[in-house]
Amino acid sequence: MTTSHIVEIDQLRFSWPDMRGQLLNIPQLRLEAGSSLFLRGPSGSGKSTLLNLVSGVQAGYSGSVSICGERLETLSAHRRDRLRADHIGLIFQQFNLLPWLSPVENVALACRFSRRRRDRAQARSGSVQDEAIRLLRELGLAEVLNSRRNTSALSIGQQQRVAAARALIGSPELIIADEPTSALDSEHRDRFVDLLMKETQANGTSLLFVSHDPALASHFDNTLQLDGITGSSLETRPC
Amino acid sequence: MLIDLLWRSLLNRRATAVLSILTIGLSVALLAGVEKVRQDMREGFFNTVSGTDLIVGARTGQVELLLYSVFHLGSATNNIRWKSFQRVANDPAVEWSVPLSLGDSHKGFRVVGTTSAFFDHYRYGRENALKLSAGRAFNGIHQVTLGAEAASRLGYHTGDKVVIAHGLGSTSFAQHKDQPFTVVGILEPTGTPVDQSLLVSLESITAIHLGWRAGVPMPGLSVDPSTLSETDLTPKEITAFLLGMKSKTQVFQMQRAINRFSAEPLLAILPGVALQELWQVIGSAEKALLAVSACVVLAGLTGMLGVLLTGLQQRRRELALLRAIGASPFNLLCLVVMEAVLLTAAGIAVGLSLLWTLLILAQQGLSEAFGLYLTLGWPDGLWQILAMVLAAGALAGTIPAWQAWRYTLADGLTPRT
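Just so you know, the protein sequences line up as chains A and B, in that order. With full-length UniProt numbering, letter number 79 in the first sequence gets 79, and the count goes up by one each step, no holes. With full-length UniProt numbering, letter number 414 in the second sequence gets 414, and the count goes up by one each step, no holes.
This is chain B alone, in the form it adopts within the complex (with noise of 0.2 Å):
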């Protein structure tokens, strides 16, 4: 019954009010903002690779696989022999496979040898395929798909020329001058490590690598690139697959499998099981940035603490003018406690807004100048941490409250101001 009085009031101190809900709407947004990036790069990390069933390499610990060989890390100990790999693809439980072949980059940027099934069974996010934003997937030797992120940064388009370089960094001395590449397709943004690729055929790795010994080229035994069509580009060795299952309860028993693989040590792992273990490593520092945006929400709320305080000793007069009417000391309070509830709500209203416009402005921008992906959807527990906002503000309003109180029961009908 005193809603519409504390409307009035609040009205009268619109201004102090206005400060107090754009305090705590700033601090809402950065926590719910903090939230939602946290909740999005998770989503992201762990979605790197979706869909695919088991990741294989040469034999090293889980976490290193999946470092060099999703998201392009360090570099492998081992190969694996072209034949391992026919052997385990040929099984009748396996879908589908993609070889991947790694090694060589270009400006800092790695170089993926791969075959066309990589463009149809690689999934990122909520099971999402790669799409192109120009051009076509490669279909022959010396010719490259770039992700969007490497095209963008080196400014490639369609039709340009690319020399790669042999191993990896940016400085690297030795140029696959002889061979260079053309640019055929440039694919959409992903934010997986396929945005930092080139993506080119086993076979063009196999050519580009004719007559190098030990990573040098041998003089004398240069290729005449003209002669290719008619030489075995079949790879010898690659670097890791991923398997897709025909069924999922075949994953574990082909899993083990490979595991105990008699040609030579290999390691298969999943890649839900591996990512976990990656992110307890670095997900620390999630926690961290959650902790400070509580901090930053104490302050807002601290902020407004100190403007209903303030408030209080101009409202006194007001107080006692109710309370000399018939309001009790408790209907006072409530009101006081209502108002630091009307605000800290205001307060997260404004927030959010603020928040999901900013969403919606940067999205695009964030994505390409830092490969994060921020989706519009609401992330998961934000309702509870909004819960407790409010009932922290409900709290901090119960200072003030208590000291309208005293006031109201200290002055008697008459505020000594």
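Just chain A, with the same shape it has in the complex (with noise of 0.2 Å):
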């Protein structure tokens, strides 16, 4: 098994208890170092399932899924949530942040759990705290760092782009996003894709991005398309 695949799906079926049919069947899914790819479908297709079932929370299913080459099936509930908290930096659409934490510590929080990220952090800057300061200066949030405002001030579009800098922190191997532009308007939707765009390549990160939003397919390397209970199709689009 090589480790240059971060995400590595083979023959994967998944169902609810009381469902007929299959809410997922992926054959074969591959997303490589340092690639992206978007995961489109309508509302119950089974995107939040399938991240889910990434991010090692739910398990239940058949075949196999690995990250960074740690087949999520063969380990502890224990040992997923630290491979979660080690390789894996997560975006929600909302309600990221810690509303009593300070932007800066919202953005370390993630290094809390993650002794690796905690260390490249601190590699990459000196401290954990020097480190998120620098992602959020990159992600254009210097007047948040100089005015010391409280998070739930910020807007919303602020807030996201301290959870990407929270996701970022201590350089995970993969990013999930899910759906995390739906409550941005088009300006700054663009904007926020570009910049996470940015930033990933920049440091080599797979980011695996939720939306139901086609119109952002043409940012990313390749496209998966749920199609919920009927099954899904596999439609792997080279850029």
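Any given hint could turn out to be false.
Stated by the list, open to error - Interface residues of chain B toward chain A, partial, derived using beta-carbon atoms under 8 Å:
| hint | residue |
| --- | --- |
| 1 | GLU127 |
| 2 | LEU130 |
| 3 | LEU132 |
| 4 | ARG317 |
| 5 | ALA324 |
| 6 | ILE325 |
Said to hold, decoys possible - Negatives, chain A to chain B, calculated, CB over 10 Å:
| hint | residue |
| --- | --- |
| 7 | LEU23 |
| 8 | SER43 |
| 9 | ALA85 |
| 10 | LEU98 |
| 11 | PRO99 |
| 12 | ASN146 |
| 13 | MET197 |
| 14 | ASN203 |
These are calculated hints, taken from the structure and not from any lab test. All values derive from a computational prediction rather than experimental measurement. Quick reminder that beta carbons are idealized off the backbone N, C-alpha and C, glycines included.
Two chains, two frames, a set of hints: combine them into the complex.
Printed below as a string of structure tokens:
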């Protein structure tokens, strides 16, 4: 098994206990280091379930899911939690941040559960705090740092960028973004996706990006269309 | 490693957190307060007579003797002869003796005829001697030294005149009007029945009964108070007496000797044993008190549980987010249990500070108003009780923690709220 594949899925089938047919049926999926995949599909098509499977939160599937060469189904729940903390940065649609922590503390939070990411952040900027500040600057949030603004006072666009900084800190191999732009207007949306692409490419990080918005597909190396219960068709399109 | 996160999260929810802490604090203050009052009452009760080795009276039950001689409850069925008292008191093994003559009263307060030895040898609490807050001890006839409560309730000061009634009860018709007493001193509060007593000399008791037969003044036999100094006022009878022995090893020997006294039937009791027997009768109330306060703590913890559970619904997103970042469900479970423990511990601290502040403030007032003497000391076994409260708090925390565990497993990375 080569480790150049960050995500490797083979013969993945998943259905909820009281469900007829398969919610997910993915014969094969590979995500190479540094590449990006756009995951698309209507609501209920199993996008969130696939993300839960890949991030090791959901078990009970058949087939195989590997992250950075580790087969999730062979790991204990605790080891999967560790794997997620070490190798995966997550960005959600909204409510990404703890409102009672400052933006810098929110970014640094990702390093609390992973020694690996803490060490990497320290190696890069000297301290987790400085790395968080560097990333926030990189993502155009210098004014947030200067004004020492409360996290809950940030605009949604700013909050999503803070979340991106948290996903990026400590250079995890994979970033999973679950509809991160759906709360943003189109101008902010494109800016956010551009920034995220730029940062992941600069770090050689793989990106798994979920959205129902087909307009974004052109930014990504590959696209996977999920169709829900009828079974998923895999359409990987080189860019 | 999550403790500072927990702290920041709690700070964010400080209104509800403070509310839980206060709920627990109040119930802990009540529980610890009840325990404190219970132990101090018990202590006070058992130390009503300390330093006395034997109490001697006419033959009766040991609880009865204790009740009428020490607590001034009920009355003696028989008196004992002065000669008997003298024979026991002059025994070489006896270090000191205090005779007591009861049976008269003043406005509901008992008059105790005794000698100055009472002031020297009566001990209460942890070997505390009687102290005067004003004036002096009586040293002649028609002089009275008042207990603290009797003085304050009746509003008497040194120099005031007091008329003693024959018999007990506040509305006695037979009054010793011809021989009024003068208040010469007032004792400091002790928390014992001494506070409700009027202490006079045995000679005074004899004097006011001169010319009386069977509890009523005989016409034509009234005495001229001016001739009293020439009269022999040695009492013929007393009600009971307290004994202190030179050596503790002689106590049982003396008790046996008195109980076999041939001249008249006497009973000698060990105060501690009799107090223990009496406490068994009245002590069940303290257990009920403790049970009630335990229920209050239970109510306090239930309140905290409610606050934690409602808070958890609001925190569902927070927990899902921490899980996404890499916290395991176990981490989150610890977080919630830790929160419950922290709130309970803070509640205990608040409760104890509250209680001791109240104790300091109310100590004086309670002793004056209720004769309840509360010390500032730490009650025995309170650590164990508090540890149990803390454990109960942690246990209560496992319910929302289990709920959090379920949420995080069901929610995956995206909370369904």
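Hints and how they fare:
Checking GLU127/B against chain A: minimum C-beta separation of about 58 Å lies over 8 Å; hint violated. Violation of the interface hint for LEU130/B is found here, the shortest Cβ-Cβ separation to chain A being roughly 62 Å, above the 8 Å cut-off. At a threshold of 8 Å, the smallest CB-CB gap from LEU132/B to chain A is about 63 Å, leaving the interface hint violated. Proximity of ARG317/B to chain A holds as hinted, the smallest CB-CB distance being about 5 Å (cut-off 8 Å).
With 8 Å as the threshold, the beta carbon of ALA324/B comes within range of chain A, its nearest partner Cβ sitting at about 5 Å, so the hint holds. Hint status for ILE325/B relative to chain A: holds, with the closest Cβ pair at about 5 Å, below 8 Å. The Cβ of LEU23/A lies farther than 10 Å from every Cβ of chain B, with a closest approach of about 14 Å, so its non-interface assignment holds. For SER43/A, the requirement that its beta carbon stay farther than 10 Å from each beta carbon of chain B is met, with the minimum near 12 Å.
Not every CB of chain B is more than 10 Å from the CB of ALA85/A (nearest about 2 Å), against its label as outside the interface. Against chain B, the non-interface label of LEU98/A is violated: not every CB pair exceeds 10 Å, the least being about 6 Å. With a minimum CB-CB distance of about 7 Å to chain B, PRO99/A fails to clear the 10 Å threshold, and the non-interface call is violated. Distance check on ASN146/A: its Cβ is at least 22 Å (rounded) from any Cβ of chain B, clearing the 10 Å threshold; non-interface status holds.
Even its closest Cβ contact with chain B, about 22 Å, leaves MET197/A beyond 10 Å, as expected for a residue assigned away from the interface. A cut-off of 10 Å between C-beta atoms confirms that ASN203/A is not in contact with chain B; the least separation is 18 Å.
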